[in-house]
Amino acid sequence: MPDTSSTPRAEYERRLAAWRDRLVALDRRHLTLSNGRLLLAALLALALWFTFVRAVLSPWWPVAAGVAFAALAIVHARVLERIERARGAERVYLRGLERLNGRWAGTGRDGAHFTGDHPYARDLDLFGRASLFELLNTARTEAGEATLAAWLSAGAPVGEVLPRQQAVDEFFAPLEQEQEGARDTERATAARYRAVAAAVRAHLSDTFVVRVGTGKYSQRMP
Numbered sequence: 001m002p003d004t005s006s007t008p009r010a011e012y013e014r015r016l017a018a019w020r021d022r023l024v025a026l027d028r029r030h031l032t033l034s035n036g037r038l039l040l041a042a043l044l045a046l047a048l049w050f051t052f053v054r055a056v057l058s059p060w061w062p063v064a065a066g067v068a069f070a071a072l073a074i075v076h077a078r079v080l081e082r083i084e085r086a087r088g089a090e091r092v093y094l095r096g097l098e099r100l101n102g103r104w105a106g107t108g109r110d111g112a113h114f115t116g117d118h119p120y121a122r123d124l125d126l127f128g129r130a131s132l133f134e135l136l137n138t139a140r141t142e143a144g145e146a147t148l149a150a151w152l153s154a155g156a157p158v159g160e161v162l163p164r165q166q167a168v169d170e171f172f173a174p175l176e177q178e179q180e181g182a183r184d185t186e187r188a189t190a191a192r193y194r195a196v197a198a199a200v201r202a203h204l205s206d207t208f209v210v211r212v213g214t215g216k217y218s219q220r221m222p
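Take the sequence shown: its letter number 130 is residue 130 in my numbering, and every next letter is one higher.
No lab work stands behind these hints: they were computed from the structure.
Here the structure is a predicted model, which is why all the values come from computation and not from measurement.
Positions of the beta carbon are idealized from the N, C-alpha and C atoms, including for glycine.
A couple of the hints might just be wrong.
[To be verified] Computed beta-carbon distance windows for the label pairs:
no., residue 1, residue 2, range
1, L48, R103, 49 to 57 Å
2, E81, T141, 12 to 20 Å
3, V161, D125, 54 to 62 Å
4, E13, V161, 38 to 46 Å
5, A64, E84, 25 to 33 Å
6, F171, W60, 46 to 54 Å
Generate coordinates for the entire structure from the input sequences, incorporating the hints supplied.
Dropping the structure here:
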């Protein structure tokens, strides 16, 4: 039987499962920190009441409770940032699986406004619903989408295409190493960019090679 352990589908499913496991762990931490903040808020209110109403506690008690609450709030904010990054990574791999399963049409930004007066964009379905742009687009900014649209709208010489592919390879690093190292904000940020680079690299291997200059695009699978 053929080895499917290294196919794009198997790799996407493995990484999606890893990010979902991480989300479960982060959600548990989020719940714990939320309950902790509620408890500290209640203790702070009691400390203020006993200090300034009953005058039986030192003013340092509410100060200490306030400092503890602020510290916990900072930690909680960082956990929420990690949750958002993990959800973003989850969306990347869900989108990849939708492409592989043929259910991507109509689920993303289609770039219809880039069609303009292009001489063959409509004939090749470069833009619009179920277009090549929608299939390839993983950009999150207008500048990124404009760059992708420009690449699809005009052919590029081989001497320009090859350096682009080499640049993608330079950003690639084993995702597992980054996930294991993402235990603080700095490492989590690094993991975010490595995950994006890995998604781009996998995307190049499981989707389409565009030959706009010849009016063709063909599917290439590893």
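Hint check:
no.: 1; hint: L48 with R103: 49 to 57 Å; verdict: holds, 55 Å
no.: 2; hint: E81 with T141: 12 to 20 Å; verdict: holds, 19 Å
no.: 3; hint: V161 with D125: 54 to 62 Å; verdict: violated, 21 Å
no.: 4; hint: E13 with V161: 38 to 46 Å; verdict: violated, 30 Å
no.: 5; hint: A64 with E84: 25 to 33 Å; verdict: holds, 31 Å
no.: 6; hint: F171 with W60: 46 to 54 Å; verdict: holds, 51 Å
Hints 3 and 4, counting from the list given before, are not met by this structure.
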